[in-house]
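Trainee: Construct the complete structure from the given sequences, taking the supplied hints into account.
Spelled out, the chains give:
Protein chains: 2
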Amino acid sequence: MIEKAIKLIEEGKFSQAKNEITEMNVVDIAEVFEELDMDKVLVMFRLLPKEIAVDVFSYITTEQQEYLIEAIADKEIKTIVDELFLDDTVDLLEEMPANIVKKVLKNTDKNKRELINQFLKYPENSAGSIMTIEYVDLKKEMTVKEALEHIKKTGVDKETINTCYVMNQHRRLEGIVSLRKLIINNEEVVIEEIMQTNIIAINTHTDQEEIASLMKKYDLLVVPVVDNENRLVGIITIDDVVDIIDQENTEDLQKMAAMQPSDEEYLKTNVFNLAKHRVVWLLVLMISATITGNIIKRYEDALQAVVVLTAFIPMLMDTGGNSGSQSATLVIRGLALDEIRLKDVGKVLWKEFRVSLIVGIVLSVVNFLRIYYLEGEEFLIALTVGISLFLTVVLAKVVGGTLPIAAKKVNLDPAIMASPLITTIVDAVALVAYFSIASYLLGL
Amino acid sequence: MIEKAIKLIEEGKFSQAKNEITEMNVVDIAEVFEELDMDKVLVMFRLLPKEIAVDVFSYITTEQQEYLIEAIADKEIKTIVDELFLDDTVDLLEEMPANIVKKVLKNTDKNKRELINQFLKYPENSAGSIMTIEYVDLKKEMTVKEALEHIKKTGVDKETINTCYVMNQHRRLEGIVSLRKLIINNEEVVIEEIMQTNIIAINTHTDQEEIASLMKKYDLLVVPVVDNENRLVGIITIDDVVDIIDQENTEDLQKMAAMQPSDEEYLKTNVFNLAKHRVVWLLVLMISATITGNIIKRYEDALQAVVVLTAFIPMLMDTGGNSGSQSATLVIRGLALDEIRLKDVGKVLWKEFRVSLIVGIVLSVVNFLRIYYLEGEEFLIALTVGISLFLTVVLAKVVGGTLPIAAKKVNLDPAIMASPLITTIVDAVALVAYFSIASYLLGL
Chain A
11 MIEKAIKLIE EGKFSQAKNE ITEMNVVDIA EVFEELDMDK VLVMFRLLPK EIAVDVFSYI
71 TTEQQEYLIE AIADKEIKTI VDELFLDDTV DLLEEMPANI VKKVLKNTDK NKRELINQFL
131 KYPENSAGSI MTIEYVDLKK EMTVKEALEH IKKTGVDKET INTCYVMNQH RRLEGIVSLR
191 KLIINNEEVV IEEIMQTNII AINTHTDQEE IASLMKKYDL LVVPVVDNEN RLVGIITIDD
251 VVDIIDQENT EDLQKMAAMQ PSDEEYLKTN VFNLAKHRVV WLLVLMISAT ITGNIIKRYE
311 DALQAVVVLT AFIPMLMDTG GNSGSQSATL VIRGLALDEI RLKDVGKVLW KEFRVSLIVG
371 IVLSVVNFLR IYYLEGEEFL IALTVGISLF LTVVLAKVVG GTLPIAAKKV NLDPAIMASP
431 LITTIVDAVA LVAYFSIASY LLGL
Chain B
11 MIEKAIKLIE EGKFSQAKNE ITEMNVVDIA EVFEELDMDK VLVMFRLLPK EIAVDVFSYI
71 TTEQQEYLIE AIADKEIKTI VDELFLDDTV DLLEEMPANI VKKVLKNTDK NKRELINQFL
131 KYPENSAGSI MTIEYVDLKK EMTVKEALEH IKKTGVDKET INTCYVMNQH RRLEGIVSLR
191 KLIINNEEVV IEEIMQTNII AINTHTDQEE IASLMKKYDL LVVPVVDNEN RLVGIITIDD
251 VVDIIDQENT EDLQKMAAMQ PSDEEYLKTN VFNLAKHRVV WLLVLMISAT ITGNIIKRYE
311 DALQAVVVLT AFIPMLMDTG GNSGSQSATL VIRGLALDEI RLKDVGKVLW KEFRVSLIVG
371 IVLSVVNFLR IYYLEGEEFL IALTVGISLF LTVVLAKVVG GTLPIAAKKV NLDPAIMASP
431 LITTIVDAVA LVAYFSIASY LLGL
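Line by line, the protein sequences give chains A and B. Under our numbering, the residues of the first sequence are numbered 11 to 454, in order. Under our numbering, the residues of the second sequence are numbered 11 to 454, in order.
Just so you know, these hints were derived from the structure itself, not from any lab. Treat each hint with caution, since some may be false.
It does not matter which identical chain is used: a pair holds within one copy or between any two.
Distance condition first, Cα-Cα at most 20 angstroms in a straight line; then the derived DMTMM-like pairs of lysine to aspartate or glutamate [said to hold, decoys possible]: (1) Lys353 - Glu44; (2) Lys162 - Glu258; (3) Lys112 - Glu385; (4) Lys191 - Glu61; (5) Lys191 - Glu156; (6) Lys149 - Asp348; (7) Lys278 - Glu202.
Being a predicted model, the structure only gives us computed values, none of them experimental.
Mentor: In C-alpha cells form, the structure reads like this:
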C-alpha cells in the first residue's frame with residue numbers, strides 16, 4: 011500500500027493517491043511522505059482532509075514540518091495549531107528555528123500562546139515539559155449521568171478520557187475516576203462515592219526517568235501532574251513513557267560506550283557533532299592508558315630478557331576487560347531497573363567474587379594447557395600467564411561489579427563505570443600483577 | 011506508610027496493620043510483604059479483603075507466591091485463580107514447580123483449565139503466550155446503547171474496556187470501536203457505522219520484539235491477536251509491552267557485553283548460572299586474542315631491538331577498542347530502534363569514515379605531542395605511534411559501524427557485534443599496522 015501510494019504521487023496522480031492514502035494509518039502516510047520530494051508532500055498535505063492532515067503532521071520528520079510551515083498560509087497554520095495537542099505543539103516549537111516559531115505563535119490565539127510559553131519554561135525532560143493539558147475534569151458533586159454528559163460534550167478533544175480527574179474550585183486534585191467505573195455504575199451515583207482518593211501524582215519538576223519508573227512500578231496508563239500547591243496542571247500518558255524508556259536506554263548505552271549522550275538520531279546527526287560526542291572520552295581514556303604504558307616501561311628489562319611475555323599482554327588485557335564489562339553491565343542494568351539497590355553492594359561483591367573464582371579457574375586452566383602443550387612454551391611461563399589471568403579475572407569482576415554501585419552512591423551515573431573505564435583500571439593492575447609474578451617465578 | 015505497616019505486622023498488631031494496609035496501593039503492599047517472614051505474610055494475606063489479596067498476589071515475588079499456594083487451602087486457591095486475569099495465571103504457572111502447578115490446576119474449572127493448557131503451548135515470548143483473553147466483544151448490529159449496556163454488564167472483569175472488538179458469528183474480527191467513540195456518539199447509532207475497519211492485528215506466533223516495535227510505531231495502547239483464520243483470540247496491552255521493552259533492552263545489553271542473555275534478575279540468579287552465561291564467550295574471545303599474541307611473537311626481533319614499542323601497545327589497543335565500540339553501539343541501537351535499515355549501510359560507512367578522520371587526527375596529534383615532548387621519546391617513535399593510532403581509529407570505526415549491519419544482513423543478532431568481538435578484531439589488525447610502520451620508519 012505504501013509503495014502504491016508513493017508510485018501514484020510520483021506519477022502526479024494526486025486524486026487517486028488521495029483515495030488510497032485516506033484509507034491508510036497516519037503513521038504509514040507519514041512514511042509515504044518521507045519518500046517524497048517536498049513539493050509533492052505539500053500538494054498531498056493540502057489535499058488530505060483536515061483531521062488526517064494534522065495527525066500526519068505530528069508524525070513527519072522535523073525537516074518536513076519546518077518546510078510545510080514555511081510554505082503554507084497563516085490560516086492553515088492556525089488549523090494545525092488548533093488541532094494539535096498542546097504537548098505536540100510544544101515539542102514542535104522546541105525543534106524549530108526562531109522564524110518558524112514566530113510564524114506559529116503569530117497564528118495561535120492569546121490563551122494558547124500564554125500556555126505554550128509557560129510550557130517552554132519547564133526544564134527539559136521534566137514532567138512539565140512532557141505533560142499535556144487535555145484531560146477530562148469532573149466535580150465530585152456530579153452524578154455519573156452528568157459526568158458522562160460532560161465527557162460526551164468535551165471528550166473529543168481530550169488526549170485520554172479513560173481516566174478522569176476530580177477537582178475542587180481551587181483546581182486541587184481530589185480524586186480519580188476511571189471511565190470504566192462511570193460505565194459500570196448507575197446513572198444516579200455521585201462521583202464522590204466512586205472516586206479513588208489514594209492518588210499517585212507527580213510534580214511538574216519531576217525528571218522523566220523517575221516518571222517512567224513510577225509508572226512502570228504501579229502499572230499506570232496515565233499519571234496526573236500537579237504543581238507545588240497540589241493543583242492539577244496536566245497528565246502524562248503511557249505512550250510518552252514508552253518513548254522515554256527508549257530514550258533513557260539509548261543514553262545509558264551511549265554513556266556505557268564512553269560517549270556523551272545525545273538524543274539525535276544517528277543518521278540525522280552531522281559528522282562534526284558525532285565526532286565531538288566521542289572524542290572527549292577517548293582522549294581521557296587514551297591519556298589514562300599511558301599509566302599502563304609506564305608500567306611496561308618500568309619492566310623493560312624483564313621484557314627484554316623474556317620477550318615472549320609481551321605476546322600474552324593483549325590476551326590478558328582483553329580477557330580482563332571483557333570479564334569486568336560483563337559484571338559492570340549486569341550491575342548497571344540492575345541499578346537502572348531498580349532490581350539492585352545501594353544496600354545490596356555486599357551481596358553483589360560476594361556474588362561477583364564467587365562467579366569470578368569459577369570463571370577465573372576455567373579460563374586459566376584452559377589457557378595454561380594451551381600455552382604449555384599447544385604453544386610449547388616453558389612451564390613457568392605458562393604458569394605465570396595462568397596465575398595472572400586468574401587474578402585479572404577476579405579483580406576485573408569485583409571492580410566491575412562494585413564501581414557502578416559506588417558511582418551511584420556519590421550521585422554519579424553508574425553507566426559511566428562501564429567497559430572502557432573499567433578496562434583502563436583493570437589493565438594497569440593486571441599488568442603489575444603479571445610482571446610481579448613473572449619476576450618472582452622466572453627470577454627476573 | 012510502608013515502614014509503619016511493616017512495624018505493626020512485626021509487632022503482631024495484625025488488625026491495626028490491616029487497616030493501614032487496605033488504604034495502600036497493592037504494589038506497596040507487595041513491597042511490605044517482601045520485608046516480612048512468610049508466616050506473617052500468610053496471616054496478612056488471609057486478613058486482606060479478597061479483591062485486594064488477589065491483586066497483591068500478582069505483585070509479590072515468585073518465592074512468596076509458591077509459599078502461599080503451598081500453605082493455603084484449595085478453596086482459597088480457587089478464589090485466586092478465578093480472580094486473576096488469564097495471562098497472570100499463565101505467567102504464574104510458567105514459574106512454578108510441578109507440584110504447585112498441579113495444585114493450582116486441580117482448583118481451576120474445566121474451561122479455564124483447557125484455556126490455560128492451550129496458552130502454555132504457545133512458544134515463549136510469542137503473542138499467544140503474552141496475550142490475555144479478557145476483552146470486550148461487540149456485534150456490528152448493536153446500537154451504542156446496547157453496546158454500553160453490554161459493557162456495563164461484563165466490563166468489570168475485562169483487562170481493558172477502552173477498546174472493544176467487533177466480531178461476526180465465526181469470531182472473525184470485523185472492526186474496532188473505542189469506548190470514547192461509544193461515549194461521544196448518540197445512543198441509537200449502530201456500531202457498524204462508527205467502528206474502524208482498518209485494523210492493525212498480530213498473529214498468535216508473532217515474537218514479542220516485533221509486537222513492541224509495532225505498538226510503538228503506531229502508538230497503540232492495545233492490539234488484537236488473531237489466529238491463522240483471522241479469529242480474535244486475545245489482546246495485548248501496552249503495560250505488557252513496557253516490560254517487553256525493558257526485557258529486550260536487557261538482552262541486547264547482555265549480548266553486547268559478551269554474555270548469553272537471561273531474563274532472570276541478577277540478585278536472584280545463582281552463582282553457577284551467572285558463571286555459565288559468561289564463560290563461553292570469554293573462552294571464545296580469549297582464544298581469538300591469541301592471534302594477537304602470535305602477531306607479537308612474529309615481531310619479537312623488532313620488539314627486542316626497540317623495547318619501548320611495547321609500552322604503547324595497551325594504549326593503541328584500548329583506544330582502538332573504545333573507538334570501535336562507540337560506533338558499534340550507535341549502529342546496534344539504531345538498528346534496534348528501526349532508525350537504521352539494512353539499505354543504509356553505505357551512509358553509515360561514509361559517516362563513520364568521516365567521523366574517524368576527525369577523531370583520529372585529534373587523538374594522534376595529542377598523542378604525538380605527548381610522546382615527543384612530554385615523554386621525550388625519539389621523533390620517529392612518536393611518529394610511528396601517531397600514525398598507527400590514526401589508522402587504528404579509522405579501522406575501528408569503519409569495522410564497528412558496518413559489522414552490526416552485516417550481522418543483521420545474515421540474520422544474526424547485531425548485538426553480538428559489539429565491543430568485545432570488535433576489540434579482538436581491531437587489536438589484531440592494529441598491531442600488524444603498528445609493527446609494519448615501525449619496521450619501515452625505524453628500519454628494523
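Trainee: Regarding Lys278 and Glu202, is the shortest C-alpha distance of 20 angstroms or less found within a copy, between copies, in both, or in neither?
Mentor: For Lys278 and Glu202, the Cα distance exceeds 20 angstroms both inside one copy (51 angstroms) and across copies (44 angstroms).
Trainee: With identical chains treated as interchangeable, where does the CA-CA distance between Lys162 and Glu258 reach 20 angstroms or less: within a copy, between copies, both, or neither?
Mentor: For Lys162 and Glu258, neither the intra-copy (37 angstroms) nor the inter-copy (40 angstroms) Cα distance is at most 20 angstroms.
Trainee: As a check of your reading, is Lys191 near Glu61 (CA-CA no more than 20 angstroms) within one copy, between copies, both or neither?
Mentor: between (30 angstroms within a copy, 16 angstroms between copies)
Trainee: State whether the alpha carbon distance between Lys149 and Asp348 is at most 20 angstroms within one copy, between copies, both, or neither.
Mentor: Intra 37 angstroms, inter 44 angstroms, cutoff 20 angstroms: neither.
Trainee: For Lys353 vs Glu44, is the C-alpha pair at or below 20 angstroms within one copy, between two copies, both, or neither?
Mentor: between (50 angstroms within a copy, 15 angstroms between copies)
Trainee: I want to check one pair: Lys191 and Glu156. Are their C-alpha atoms no more than 20 angstroms apart within a copy, between two copies, both, or neither?
Mentor: Result: close both inside a copy and across copies, 14 angstroms intra and 18 angstroms inter.
Trainee: I want to check one pair: Lys112 and Glu385. Are their C-alpha atoms no more than 20 angstroms apart within a copy, between two copies, both, or neither?
Mentor: Neither way: Lys112 and Glu385 sit 73 angstroms apart in one copy and 56 angstroms across, limit 20 angstroms.
This entry does not satisfy hints 2, 3, 6, 7, going by the numbered hints stated previously.
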